[in-house]
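There are 2 protein chains.
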Amino acid sequence: MSGTRELAQRTLEAFRRYLETADTQVKNGILDAVSVLLGERMAGLLEENRKDVLAAEGSGLNPALVDRLSLNEKRVQGMMQACAEVAALPDPSGKITDMTVRPQGFRVGRMRVPIGVIAIIYEARPNVTIESAILCLKSGNGVILRGGTAAFHSNLFLVRIIRDALQSKGIDPCLVSFLESRDRQAVDELLLLDDLVHLVIPRGGEGLIRNVVEKSRIPVLKHYKGVCHVYVDRQADLDMATRVVLNAKTQRPAVCNAMETLLVDARVAVDFLPRVLPALQERGVEIRGCEETRRLYAEGVKPAAETDWTEEYLDLILSVRVVSGIDEAVRHINTYGSSHTDAIITRDIRTAQSFIKRVDSASVMVNASTRLADGGVYGLGAEIGISTDRLHARGPMGLEDLTTYKWIVLGDGHIRE
Amino acid sequence: MSGTRELAQRTLEAFRRYLETADTQVKNGILDAVSVLLGERMAGLLEENRKDVLAAEGSGLNPALVDRLSLNEKRVQGMMQACAEVAALPDPSGKITDMTVRPQGFRVGRMRVPIGVIAIIYEARPNVTIESAILCLKSGNGVILRGGTAAFHSNLFLVRIIRDALQSKGIDPCLVSFLESRDRQAVDELLLLDDLVHLVIPRGGEGLIRNVVEKSRIPVLKHYKGVCHVYVDRQADLDMATRVVLNAKTQRPAVCNAMETLLVDARVAVDFLPRVLPALQERGVEIRGCEETRRLYAEGVKPAAETDWTEEYLDLILSVRVVSGIDEAVRHINTYGSSHTDAIITRDIRTAQSFIKRVDSASVMVNASTRLADGGVYGLGAEIGISTDRLHARGPMGLEDLTTYKWIVLGDGHIRE
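The listed protein sequences derive, respectively, from chains L and W.
The working numbering applies: residue 979 is where the first sequence begins, and numbers increase by one.
The working numbering applies: residue 979 is where the second sequence begins, and numbers increase by one.
Simulated from the structure, these hints should not be mistaken for lab results.
For every residue, glycine included, the Cβ atom is placed at its ideal position computed from N, Cα and C.
Treat the hints with care, as some may be off.
To be verified - Calculated pairs, BS3-like style, for lysine-lysine (alpha carbon to alpha carbon, straight line, at most 27 angstroms):
1) L:1203 to L:1280
2) L:1335 to W:1073
3) L:1335 to W:1147
4) L:1073 to W:1073
5) L:1200 to W:1193
6) L:1193 to L:1203
7) L:1193 to W:1193
8) L:1200 to W:1200
9) L:1200 to W:1073
10) W:1200 to L:1193
11) L:1193 to W:1073
12) L:1203 to W:1193
13) W:1200 to L:1073
14) W:1335 to L:1073
15) W:1335 to L:1147
Said to hold, decoys possible - The following label-pair restraints were derived from C-beta to C-beta distances:
16) L:1066 to W:1262: 55 to 61 angstroms
17) W:1056 to L:1083: 28 to 34 angstroms
18) L:1172 to W:1252: 39 to 45 angstroms
19) L:1276 to W:1161: 53 to 59 angstroms
20) W:1184 to L:1230: 28 to 34 angstroms
Take the sequences, apply the hints, and build the full model.
Printed below as a string of structure tokens:
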């Protein structure tokens, strides 16, 4: 048996014992213990992290990535805070729903249960180690962690903290495993173990996700990019539209639910564009417009290329297109968008309903900013990510999305006739 | 663009138009039209099917497979009946659940929507062509069909019927596509198109499913084997246990929810085995027992090998093991089983609850036959299959499992602060 298979096998066995024994109190006790150890061992953690940071700087890693890799007292306190927040969330396991009595007299229902063993593959961000582990533990799952090698020492230290916390509560530490091998082959091996691992969640850029999807026989939950649209309809309240557009583009441009393309109904473009585009430009937004946009408002507007319609800028850049109405808007969104989050601004209820029905995206909004697409804002508590998949979980994913269900049948000697 | 990509692209475009225009009445109208055309063109269909059957017989295909390939008037009427039954089911699309008002004052909820384009890859069974297509159409999806090449002429004729039915209702016939190419390369190409196809459902034996999983970048819903157990606890009503065991093994041994292994608590084995084993043998069941089983009841009982515990016999064969109690029973099931369906017979409520919690299977039953694990029996209406996956759909899958959800946000100019 290969080392990777053996590690997955041990995690699966630990998961099964955890399933048998861990109630909500035990789970919360583990999270508390992780938090306590993070506090007690902070100096050691920062020391290990320093090794990673120095090596990363030495190898000339991009400063933004070095920053994401770096820990300090405040960031470790953030991890401790996360432990407390996840402990405070309701335990998603065990809830029974849809219990019905069948005509033959037996009862049938569905019980939420953990998924099993979840592999998390991520980049060099030590906070993801803690976050992923505690979300999986709270929802009852086992977890195999594989972080970016640049964070190796930090992750090793963090995993030791988690495993010590498990052991202090009488839980098999193999429940949280760490793929130590630094070569990619171990990951490739892991992705073939569909008899032992039940879900892979890659957390990182598009390249990382594509690589996992290509190699994995295990189901993958994907968080691809967000090319989000706001469509300003002919019946829009243009003040509201301005407010929403400014928020969707500039409130936090580097995240996946920020707007990347503004679509404007031709009937209001002549009023709206000269109003909204200067306001965006004032906030530092570069505008790339279609021909009609540039005809109506030329100042500082670059011509948009075909590639602009599919690009996730994650920056203060916005592509703008004038469309003939809702039909063209919907077609544009379904063709060029990434099915993440799209909004319409309109006062007309039938246009709103048509947009909701026809736009094929994870979140469809009426008179609201795309920036609202978020687990916390939707009321899900901690967010695992925003799924661009259609199966199992779509859009913002909460703790319950780390569970599945099983069918429960309660009979009194019932048989199939 | 390759032929396969072009076909998938056309199906996706047809799906989007269908999403925009098809209400429940339109969908049911299509199913009616399929049924009418099946009746009108029955003679032609049987003629095409005859070509397939003759070729299959000529090539020496296994008679059981030739039988599954063969159509006759009664079987075509069965397809027509299926159209009527699926038309009568509630439309799973459009339902909005969990609508809440968030503290900021906007509303958020989830709407059931079709998954998108579903590829169905199956063996030489023409009835699967109709069944798959109508289930996908009723749930609002586009579908790409790829049936076993031995049913080529039958499938081509059936797909023409479906496409003519679509056209007669003003729907783009590309909504239901048929991968005509007879070589495997077209399927391999299809399985890479994760930008156009949203789900693959292989319907057939384990080899077919494994092959799809190995090659697919598209999410796959798997229906693997059922190694189902009945555990007779020390607190069991032995009359009930006998009734359930006989039903679970012999009522229809060739299906995935039939029992393959009987586990008996050592405290009742001495009473129970000499009662149930002869009754099973009387019904033609071959018994393969562990050592302790053979010590307690030897007559005609073969020794079980290690491989017996993981085998899906799909036949009148049963492996039997005496265990020390619920702990060993649960461990056996979680180790050797296939997480499909497992039952306990007990009068003790705490033992029952422990079994439900600890057995890691899609259906867990108390005092009931494993044969009850079925979409119809559970009240789901038509069944797509019994999923052995953990994500999206687990256990019996109904029409609703061919849908996903999208988030709906209804605001009044709400933005992220």
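message: Just to be careful, I want the Cα atoms of residue 1200 of chain L and residue 1193 of chain W compared with a cutoff of 27 angstroms; is the pair within it?
response: Given pair residue 1200 of chain L, residue 1193 of chain W holds - Cα atoms ~18 angstroms apart, limit 27 angstroms.
- prompt: Straight-line Cα separation of residue 1335 of chain L and residue 1147 of chain W no greater than 27 angstroms?
  reply: 21 angstroms, holds
task: Verify the proposed pairing of residue 1203 of chain L with residue 1280 of chain L, using a straight-line Cα cut of 27 angstroms.
output: 24 angstroms, holds
- prompt: Are residue 1335 of chain W and residue 1147 of chain L close enough, with their CA atoms no more than 27 angstroms apart?
  reply: Judged against 27 angstroms, a Cα distance of about 21 angstroms means the pair holds.
query: Can the restraint linking residue 1203 of chain L and residue 1193 of chain W be considered satisfied, given a maximum Cα separation of 27 angstroms?
result: 24 angstroms, holds
task: Given the hint that residue 1073 of chain L pairs with residue 1073 of chain W, test it: the Cα-Cα distance must not exceed 27 angstroms.
output: 22 angstroms, holds
field: Satisfaction of hint between residue 1073 of chain L and residue 1335 of chain W, Cα-Cα up to 27 angstroms
entry: Given that 27 angstroms is the threshold and the Cα spacing comes to 11 angstroms, the pair holds.
message: So if I understand the rule, the pair passes when the alpha-carbon distance is 27 angstroms or less; does residue 1200 of chain W with residue 1193 of chain L pass?
response: 18 angstroms, holds
message: What's the verdict on residue 1200 of chain L and residue 1073 of chain W, does the C-alpha distance respect the 27 angstroms limit or exceed it?
response: Given that 27 angstroms is the threshold and the Cα spacing comes to 25 angstroms, the pair holds.
query: Given the hinted pair residue 1200 of chain W and residue 1073 of chain L, is their alpha-carbon gap at most 27 angstroms?
result: Since the Cα atoms of residue 1200 of chain W and residue 1073 of chain L sit roughly 25 angstroms apart, the hinted pair holds (cutoff 27 angstroms).
- prompt: If you draw a straight line from the CA of residue 1335 of chain L to the CA of residue 1073 of chain W, is it 27 angstroms or shorter?
  reply: Answer holds: residue 1335 of chain L to residue 1073 of chain W is near 11 angstroms, not above 27 angstroms.
- prompt: Quick one, are residue 1193 of chain L and residue 1203 of chain L close enough, alpha carbons at most 27 angstroms?
  reply: Roughly 20 angstroms between the alpha carbons, so the hint for residue 1193 of chain L and residue 1203 of chain L holds.
The earlier numbered hints that this structure contradicts are 11 and 20.
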